[in-house]
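Peer 1: Quick note, the sequences are listed as chains A and B, same order. For the first sequence, our numbering assigns the number 5 to the initial residue and increments by one for each residue that follows. For the second sequence, our numbering assigns the number 17 to the initial residue and increments by one for each residue that follows.
Treat the hints with care, since some could be wrong.
What the hints assert, rightly or not - No more than 35 Å apart at the CA atoms, straight line, and that leaves these computed lysine-lysine pairs for DSBU-like: (1) B:K342 to A:K442; (2) B:K217 to A:K442; (3) B:K245 to B:K34; (4) B:K22 to A:K442; (5) A:K105 to A:K119; (6) A:K449 to B:K217; (7) B:K342 to A:K284; (8) A:K198 to B:K245; (9) A:K284 to B:K22.
For the record, the hints were derived by calculation from the structure and aren't laboratory data.
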Amino acid sequence: MIERSTEILDAVAVRFAGDSGDGMQLTGTQFTETTAIAGNDLATFPDFPAEIRAPAGSLAGVSGFQVHFSSQEVFTPGDEPDVLIAMNPAALKVNLADLKKGGILILNSEQFTTKNLERVGYASNPIEDGSLANYHVIQVDVTGITLRAIQELGLNQRAAVRSKNFFALGLVYWLFSRDMQHTLDWIDQTMEKKDPTVAEANRRALRAGWNYGETTEAFAHRYDIPKAPIEPGRYKNITGNEATALGFLAAAELSGLELFLGSYPITPASDILHALSRQKHLGVKTFQAEDEIAAIGAVIGAAYAGGLGLTTTSGPGVALKSEAMNLGIMLELPFVIADVQRGGPSTGLPTKTEQSDLLQVMYGRNGESPIPVVAAAGPGDCFYAAIEACRIAIESMTPVVFLSDGYVANGAEPWRIPQMSDLPKIPVVFHTQAEGFKPYDRDEKLSRPWAVPGTPGLEHRIGGLEKQNITGNISYDPNNHDAMVRLRAEKVRRIADRLPPTTIHGDPDGKVLVVGWGGTFGALRAGVEKVRALGHRVGHVHLRHLNPFPNDLGEILGRYEQVLVPELNLGQLLMMLRARYLVNAHGLNKVQGKPFKESEIVRAILARLEA
Amino acid sequence: MSLYPKLPSTDASALTRKDFQTDQDVRWCPGCGDYAILAQVHKTLPELGIPRENFVFISGIGCSSRFPYYTNTFGMHSIHGRAPSIATGVKTLRPDLSVWVVTGDGDALSIGGNHLIHALRRNVDLKILMFNNRIYGLTKGQYSPTSEKGKKTKSTPMGSVDYPFNPISLALSAEATFVARSVDVDAKHLGAVLERAARHKGSAFVEIYQNCNIFNDGAFEYLTDRATKADHELRLEHGKPVRFGPNGERGVALDASMRPVVVDVATYGEDRLLVHDETNEAMAFFLSRLVHPDFPTPVGVFRAVERPTYDGLVAEQVDAAVARGKGGGVQALLDGGETWTV
Chain A
5 MIERSTEILD
15 AVAVRFAGDS
25 GDGMQLTGTQ
35 FTETTAIAGN
45 DLATFPDFPA
55 EIRAPAGSLA
65 GVSGFQVHFS
75 SQEVFTPGDE
85 PDVLIAMNPA
95 ALKVNLADLK
105 KGGILILNSE
115 QFTTKNLERV
125 GYASNPIEDG
135 SLANYHVIQV
145 DVTGITLRAI
155 QELGLNQRAA
165 VRSKNFFALG
175 LVYWLFSRDM
185 QHTLDWIDQT
195 MEKKDPTVAE
205 ANRRALRAGW
215 NYGETTEAFA
225 HRYDIPKAPI
235 EPGRYKNITG
245 NEATALGFLA
255 AAELSGLELF
265 LGSYPITPAS
275 DILHALSRQK
285 HLGVKTFQAE
295 DEIAAIGAVI
305 GAAYAGGLGL
315 TTTSGPGVAL
325 KSEAMNLGIM
335 LELPFVIADV
345 QRGGPSTGLP
355 TKTEQSDLLQ
365 VMYGRNGESP
375 IPVVAAAGPG
385 DCFYAAIEAC
395 RIAIESMTPV
405 VFLSDGYVAN
415 GAEPWRIPQM
425 SDLPKIPVVF
435 HTQAEGFKPY
445 DRDEKLSRPW
455 AVPGTPGLEH
465 RIGGLEKQNI
475 TGNISYDPNN
485 HDAMVRLRAE
495 KVRRIADRLP
505 PTTIHGDPDG
515 KVLVVGWGGT
525 FGALRAGVEK
535 VRALGHRVGH
545 VHLRHLNPFP
555 NDLGEILGRY
565 EQVLVPELNL
575 GQLLMMLRAR
585 YLVNAHGLNK
595 VQGKPFKESE
605 IVRAILARLE
615 A
Chain B
17 MSLYPKLPST
27 DASALTRKDF
37 QTDQDVRWCP
47 GCGDYAILAQ
57 VHKTLPELGI
67 PRENFVFISG
77 IGCSSRFPYY
87 TNTFGMHSIH
97 GRAPSIATGV
107 KTLRPDLSVW
117 VVTGDGDALS
127 IGGNHLIHAL
137 RRNVDLKILM
147 FNNRIYGLTK
157 GQYSPTSEKG
167 KKTKSTPMGS
177 VDYPFNPISL
187 ALSAEATFVA
197 RSVDVDAKHL
207 GAVLERAARH
217 KGSAFVEIYQ
227 NCNIFNDGAF
237 EYLTDRATKA
247 DHELRLEHGK
257 PVRFGPNGER
267 GVALDASMRP
277 VVVDVATYGE
287 DRLLVHDETN
297 EAMAFFLSRL
307 VHPDFPTPVG
317 VFRAVERPTY
327 DGLVAEQVDA
337 AVARGKGGGV
347 QALLDGGETW
357 TV
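Given only the sequences and the hints, what does the whole structure look like? Please build it.
Peer 2: Here it is as structure tokens:
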């Protein structure tokens with residue numbers, strides 16, 4: 005037993021990196037769950053290749069998972085990891101540049117063979133050539149020790165090698181003084197039945213990793229990150245896609261409507277389809293369509309028939325759905341198009357994040373085509389944004405776009421479990437009165453009646469041709485068309501009258517207002533906090549509603565000398581704000597398929613302060 | 017937990033064709049075959065014992081897709097080619113409704129080909145009426161995916177080089193459980209086919225030869241002209257020999273290499289003719305390949321088989337899951353999985 009001090013840290017970011025076959029996503033997820041249970045606040049960033057099985061050991065096949073955990077509130081997955089676990093030379097090559105100078109670098113030395121090194125373009129072995137001198141390098145024969153730890157189980161070599169990620173996990177658990185019980189339980193529950201030998205191999209590998217930390221002299225310290233001050237309650241870890249699925253289920257329950265999902269598989273939205281397909285016991289009907297168009301077509305049919313319609317997709321799917329979205333706008337039927345954005349244009353970067361669909365969902369259709377747009381600010385927030393999208397759709401009888409992105413969808417965070425009884429119901433009124441029924445009559449929200457098939461006396465026809473106001477009959481009258489175009493726009497505008505006042509974080513007026521939307525929330529909030537801590541008057545507004553904008557937004561923008569709009573695109577919200585409010589706002593724009601770093605936001609705000 | 021208005025259904029037995037007519041002026045060209053089809057549908061609907069409020073007609077774009085405006089049921093004139101997908105949503109959410117798709121050769125087979133074949137293979141309980149006039153009417157006369165090769169139109173001044181679809185073969189290959197053909201002006205035959213389609217449980221595909229008297233007049237004259245009709249029309253009847261002609265004197269048989277041949281019944285022998293069997297898919301496909309002018313044109317039901325419907329199977333899975341469920345709704349789901357308390 006080696007005597008070692010335990011160092012107490014505020015915050016640490018750990019990145020697991022390896023080949024896509026190395027189980028890094030699973031390792032990261034396990035570490036995340038254990039860390040959450042230990043009481044830290046945290047944020048994660050899974051980063052994996054688009055290829056299902058890229059060639060083993062190649063740069064293209066590197067998969068990573070970063071966890072940032074702290075005794076304070078955490079807003080981002082962390083700019084630079086403090087610890088990098090690289091399971092092969094490719095993982096080292098792809099990730100080393102991000103590692104903090106002086107950080108801990110754990111290498112699976114067995115993989116650093118001449119052949120593997122050459123394959124990814126290393127002329128010499130970085131372990132030996134001094135190029136890693138700035139880091140605290142710990143070489144471990146992860147594969148070898150794992151194989152020895154489980155050899156008596158009699159697994160074949162290929163199966164046995166697969167346990168090596170559990171060795172790495174065990175070692176990192178030891179390093180951060182974490183309890184292994186959660187992962188041991190998880191192995192019992194998910195692996196024991198399928199293959200008890202593999203389950204046992206993973207248990208032994210996990211313990212071997214822990215014991216390696218305990219007995220080797222490689223580590224001078226262990227670390228502990230005390231619990232964060234977290235609002236009391238029951239928590240679980242949740243990804244954005246999981247929370248999105250739960251949000252739509254909740255909206256169905258709050259409205260009493262049957263949820264109908266029409267979807268076509270697409271990265272990174274497919275997990276919502278998977279999640280909802282498992283909830284048939286709640287009466288959910290899911291339809292995997294032949295294409296994106298049929299998916300939204302079926303949703304329009306379901307909305308017409310009186311269901312809560314939902315279609316889930318990503319940017320390329322939205323492009324295909326745009327004609328049907330317009331039909332929904334013309335029919336004035338309630339349903340939601342959930343767009344989990346990814347890098348574009350075209351096929352773009354399917355597994356990487358971007359915020360570049362805003363203008364597409366706002367304006368990417370023929371004619372004057374107003375559609376409400378809401379955006380989720382983080383994984384847990386997807387739940388509330390999904391409910392909000394459904395509420396607007398039903399209240400205003402309109403399709404609504406729900407925006408998430410790859411970073412939000414796949415990222416996880418500890419989430420305080422909401423109580424359904426705390427959430428306001430979504431009232432639904434199906435029209436039943438046959439006498440005097442006019443399909444395009446409107447209430448004070450300008451919503452038309454929802455008259456579903458099966459209701460006697462309400463037989464009526466609707467369609468994509470322009471309607472006569474009130475009666476809904478086909479009309480080519482020029483003044484009627486002008487009036488209907490304005491009515492549809494005004495209906496969407498009136499949603500703003502029902503929104504609560506905009507929340508400003510930080511200073512309510514001053515030098516710089518940072519305005520953002522969607523998954524950049526964490527980086528923006530962290531950046532604003534940093535700059536305010538330096539004594540500057542800075543505010544942060546994160547928009548849930550992108551169409552219509554809140555009524556007070558223009559006035560808020562006017563309270564600051566500068567407006568900064570950071571986005572993972574070339575300035576889409578920026579364009580909308582400048583056009584609408586004639587404000588001299590400035591963009592901070594990045595399209596690298598990666599989220600903002602806190603430091604990038606800090607630098608941009610400081611630059612604005614000096615401008 | 018459904019919120020649908022639970023009002024008493026209206027009396028279906030009191031319905032007449034008048035109940036299905038709307039106050040909208042019918043705006044098809046005078047002389048268009050669509051009028052005859054509309055009349056037959058209005059005659060068929062009251063005979064089905066279904067309350068009027070439970071009918072839903074979905075159409076796409078094209079002349080035929082005006083149909084819902086002229087039929088006093090729930091209806092939607094949607095977007096080009098997508099009617100089968102919209103109808104799939106209606107029927108899957110609400111299996112209690114009688115859902116019909118009205119479409120044309122361009123709408124169903126060109127822009128909407130994908131949705132048509134997938135609705136058919138899934139066996140969604142839809143009645144799909146495809147008016148085939150072998151031309152684009154609404155856009156004023158371009159060739160369609162069923163126009164014959166060499167067709168001269170505005171977009172093919174030197175003649176079309178496209179090979180056409182055979183809609184019946186296509187529907188059969190898409191695993192449709194009910195496939196039939198009729199002709200706009202043959203009121204009695206069309207009415208009988210529509211009624212069988214309506215009563216079929218599953219996807220019913222009906223190709224209706226329809227005359228566009230403006231852009232493709234006379235396309236099916238050989239089948240509708242009294243002088244030639246009997247020589248060209250082959251009426252399919254389940255369990256009956258495949259024969260045609262003014263007195264049924266000709267028939268269709270297989271030659272040694274399994275090719276169709278037209279034979280003289282008297283010399284060939286009636287017992288050697290093919291006998292139509294609606295449940296035999298090879299027979300249905302074989303008959304679908306009998307194409308004018310080399311062969312008589314079969315009309316009637318090519319195929320009628322039972323297979324569980326998509327909407328029925330979806331409802332079954334949901335019902336089974338609901339029955340097995342432990343209750344607790346969404347809260348139970350939120351509370352489930354790995355949780356911890358702070």
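Peer 1: Now tell me, hint by hint, if it's right for this structure.
Peer 2: Hints, verified against the model:
Pair hint B:K342 plus A:K442 does not hold up; C-alpha atoms about 43 Å apart against a cutoff of 35 Å. Pair hint B:K217 plus A:K442 holds up; C-alpha atoms about 34 Å apart against a cutoff of 35 Å. For the proposed pair B:K245 and B:K34, the alpha carbon gap of about 31 Å is at most 35 Å, so the pair holds. Under the criterion of a C-alpha separation no larger than 35 Å, the hint pairing B:K22 with A:K442 is consistent with the structure, at around 20 Å.
Simply put, A:K105 and A:K119 have alpha-carbon atoms about 28 Å apart, close enough for the 35 Å limit, and the pair holds. Restraint check for A:K449 and B:K217: the C-alpha separation of about 42 Å exceeds 35 Å, so the hint is violated. Restraint check for B:K342 and A:K284: the C-alpha separation of about 12 Å stays at or below 35 Å, so the hint holds. At roughly 68 Å between alpha-carbon atoms, A:K198 and B:K245 are farther apart than 35 Å, so this suggested pair is violated.
A distance of roughly 24 Å separates the Cα atoms of A:K284 and B:K22; the hinted pair therefore holds under the 35 Å criterion.
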